[in-house]
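Going down the list, the sequences are from chains A and B. All residue numbers for the first sequence refer to numbering that gives the first Met the number 0, where the first residue is 0 and numbers rise by one. All residue numbers for the second sequence refer to numbering that gives the first Met the number 0, where the first residue is 0 and numbers rise by one.
What the hints contain is simulated information worked out from the structure, not anything from laboratory work. Check before you lean on any hint, since a few could be wrong.
What the hints assert, rightly or not - Listed next, the stretches of chain B that the computed footprint assigns to chain A, with coverage defined by at least 3 CB atoms under 8 Å from CB atoms of chain A:
hint, stretch
1, 54-64
2, 129-138
Stated by the list, open to error - Pairs of lysine-lysine residues, derived as DSSO-like cross-links and limited to a Cα-Cα distance of at most 27 Å, are as follows:
hint, chain 1, residue 1, chain 2, residue 2
3, B, 44, A, 142
4, A, 142, B, 107
5, B, 52, A, 142
6, B, 107, A, 139
7, A, 132, B, 2
8, A, 16, A, 43
9, A, 16, B, 2
10, A, 136, B, 107
11, A, 40, B, 44
12, B, 44, A, 132
13, A, 132, A, 16
Stated by the list, open to error - A few chain B residues that don't get close to chain A, going by computed Cβ distances all over 12 Å:
hint, residue
14, 6
15, 69
16, 95
17, 122
We put the CB at the ideal spot given by N, CA and C, even for glycine.
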Amino acid sequence: MAGGKTVLAGGNTKSWKLLLGLRIFAFMATLAAAIVMALNKETKTLVVATIGTVPIKATLTAKFQHTPAFVFFVIANVMASFHNLLMIALQIFSPKLEHKGLHVLSIAILDMLNATLVSAAANAAVFVAELGKNGNKHAKWNKVCDRFATYCDHGAGALIAAFAGVILMILVSGVSISRLLFNSNKFSTTKAPATATDVP
Amino acid sequence: MVKLTQRLGGLVLRFAAFCAALGAVIAMITSRERSSFFVLSLVAKYSDLAAFKYFVIANAIVSVYSFLVLFLPKESLLWKFVVVLDLMVTMLLTSSLSAAVAVAQVGKRGNANAGWLPICGQVPRFCDQITGALIAGLVALVLYVFLLIFSIHHVVDPFLLRKS
């Protein structure tokens, strides 16, 4: 009776706890990446030219909004952390709904989409940051990091957090897909489940 | 009959994704332009930028993978593994396309705050070919998203449509 349907939805199965734990870490990682990159700003007064013996100083600011790739990075990480928050809330507050097929499928698909989104954002930001760090001789683009070292360091921290978020989101998608597999196997066989087997 | 059209649809999608990924690789590899102003001569190749190299490598991996999966027989047990690999390949495609687009956008518009000048004005044909390669990469990505949903449907049957 209760063995079949509620064993997947119950709060004490291993895959439920694993999924919740992974989601909490993924939420923290993507949120940290978004916040660190959004607050990334450095202002410096630099000497841009020298006329005779008078150096001309200009105050330059490095902000994350200057680069579209970083803007996409912040937006994508905010969206992924919001998705994780929503899924955590769903898991904690309504475990009864989870045995319907469409519900589990849509959770799996949303997890995959968000994993892809975070990976795209992190990758775009890393390549543009590499351009800023090393410059490009062929296109005659100068390095930025030798003058704005703190900006680059904070950006690097945000990128590391985002890549940790990518790995965690891949794991979350993997667990969601395996729950989908288990769910459909459970219901496509017409034998009544006699023993309550734990979700592997 | 339905199963045959499904299988055929899957094969057609995968072949189209293979062609799109291969087209992206070829378009990017053959983009090379020399522009000269005064005595300076600038050669623009795809390998100057790391993001484009990553794009070429990722799309090459994807085209080889799709070619191999085209020959997988229908009842093989490897289809469950194909779901996981399809997800990995979709993520690879999105990340490579996103990195290449980000860097190409810097090349086209420059970055006034960093003092980076756009290079598309000097090598327009190179830029057009890169744009074509990126569009082919986008087509491959869209096809792979459909293929991912298709593989999941093939393995899992989440709506319980098949009677056992």
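Structure-inconsistent hints, enumerated in ascending order = 1, 2, 7, 8, 9, 11, 13, 16, 17
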